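Quick note: to get my numbering, add 369 to the position in the sequence shown (first position is 1).
These are calculated hints, taken from the structure and not from any lab test. Fair warning: there could be bad hints in the mix.
Listed below are the simulated DMTMM-like cross-link pairs for lysine to aspartate or glutamate, each with C-alpha atoms no more than 20 Å apart in a straight line [stated by the list, open to error]:
id : residue 1 : residue 2
1  : K581      : D635
2  : K433      : D509
3  : K730      : E705
4  : K386      : D420
5  : K763      : D509
6  : K416      : E449
7  : K644      : D659
8  : K455      : D404
9  : K379      : D509
10 : K755      : E494
Taking CB as the label site, the calculated pair distances span [claimed, not checked]:
id : residue 1 : residue 2 : range
11 : E474      : A440      : 27 to 33 Å
12 : I376      : N554      : 21 to 27 Å
13 : G745      : L471      : 46 to 52 Å
14 : T451      : D497      : 28 to 34 Å
15 : R666      : K714      : 18 to 24 Å
Predicted model, so just to flag it, every value in this text is computed and none were measured. Positions of the beta carbon are idealized from the N, C-alpha and C atoms, including for glycine.
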Amino acid sequence: MMFDSKIITKDDLKNKKVLVRVDFNVPLENGIVQDNSRIKNISPTIKFLKDAGAKIILISHLGKTAQFNQAQSLKNIIREITNEYKLKVVFIEDCLDENASLIIENTPVSNIILVENLRFHSEEENCDFVFAKRLASWADFYINEAFSVSHRKHASIFAIPKFLPHAFGLAFVSEIRTINNFFNNVLPPRICIIGGMKLSTKINLLKNLVMKVDKLALGGSVAGVFLSSLRKKSPCTPDSDIYAEEVSLIIENSQKYNCELIMPVDFMISNVEQKALYCSVASPEINAADIFDIGPRTVELFKHHLRESKTVLWNGPMGLFEKSSFENGTLSLAQEVSRLSLDKKLTSIICGGDTVFAVNKFQVSKNISHISTAGGAFLAYLEGTKLPGIEAQKDFYTLQE
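With the sequences and hints as input, model every part of the structure.
See the structure below:
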């Protein structure tokens, strides 16, 4: 994706009503926001619009639903929005409220408008164009600042740009440029660390990465499937047969495209008492279902390759890091990535909800070069998939000071 486009400045947006699609799908516990990263992340765009003198209308979803329920009401995050943006929030109780246009017209520019959860109406996920046109009628301009949902062909992502002049938000542009730079502009060697529980969510990503990066380090259950294929024996996983052909192709392409596959040499497994036990990859007793973390030798192996690299993209934890018995792999790598980033020896990109949660938990996020809150959209873009949110905005404007 290139960013050669028409320019829109703050002066152009003065006194204009701007509809901003954000992703405020934040974790809540008893109505309290547990992680405000997605709210904080778009602050530059909010500041840009506030300084421009624009009237800001925020639309978002929260959770997966098709009917109203209090637990997934955006009303729960008003306090967090007020604290972050230092603006009074005017809340519209229903995006199909007949009085919505009047409320927006009567709201002073010094306030910010938040509209109730779009997914309380099935028209959002069904990409209903009548629904989208009604939302678009409130505004003079549209900004997509929800990269994390832009792999969904929903009304607020795909259809609204058909009715309004539009732009990508500053955080959205930063996400895309980070990915593009990783593949095209950074110095080698580039290493990707891929972990997690399900190969099904990573297989297309791995097929793309193996042709483009210098090193590919695998952890979590993902590594188990590859080890099964490489060694023709344990650890076997339920995915070993399902993805055998694709895994073999990735291994073959790693040689064809000179991508070094870095596999675990040991694991920490769980016994019946859920205690952590050391197990070498060569051990005949190893069972993939019992693998809960990479072992200490693998940690040192991965750290060695990190020190040899210029850029790292990390998606997926090395094990069940939520439990202290199995956090060492993810914790140790997070600390090493943080140290190398702080010393300017490594450019680091962290993506995926669990991995972002891990670096926050281990208090190393401040040193990471780029943290993506996008999750599925980030991975889809890495895979080379065309995103509806980008495809809908071919003739876009660029925000400029």
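Inset, instruction - Using the Cβ atoms, figure out if T451 sits within 28 to 34 Å of D497. - result: holds (31 Å)
Inset, instruction - Take a quick look at whether K763 and D509 sit within 20 Å of each other, Cα to Cα. - result: holds (18 Å)
Legend entry - K455 paired with D404 [C-alpha distance capped at 20 Å]: holds (18 Å)
Inset, instruction - With a cut-off of 20 Å on the C-alpha distance, tell me whether K581 and D635 pass. - result: violated (27 Å)
Inset, instruction - With respect to the beta-carbon atoms only, verify the hint that E474 and A440 lie 27 to 33 Å apart. - result: holds (31 Å)
Legend entry - Cβ separation of I376 and N554, checked against the hinted range 21 to 27 Å: holds (23 Å)
Inset, instruction - Given the hint of 18 to 24 Å, check if R666 and K714 actually sit that far apart at their C-beta atoms. - result: The hinted range 18 to 24 Å holds for R666 and K714, with Cβ atoms some 23 Å apart.
Legend entry - Pair hint K433 and D509, alpha-carbon separation not exceeding 20 Å: The given pair, whose Cα atoms are some 29 Å apart, is violated under the 20 Å limit.
Legend entry - Hinted pair K730 and E705, Cα distance within 20 Å: holds (15 Å)
Legend entry - Holds or violated: K755 to E494, with C-alpha atoms at most 20 Å apart: Measuring from Cα to Cα gives roughly 18 Å; hence the hint holds.
Legend entry - CB-CB spacing for L471 and G745 relative to the 46 to 52 Å hint: Once the Cβ atoms are compared, 37 Å apart, the range 46 to 52 Å for L471 and G745 is violated.
Legend entry - 20 Å limit on alpha-carbon distance, applied to hinted pair K379 and D509: OK: K379 and D509 at ~14 Å, within 20 Å.
Consistency with the previously given hints fails for numbers 1, 2, 13, ordered from lowest to highest.
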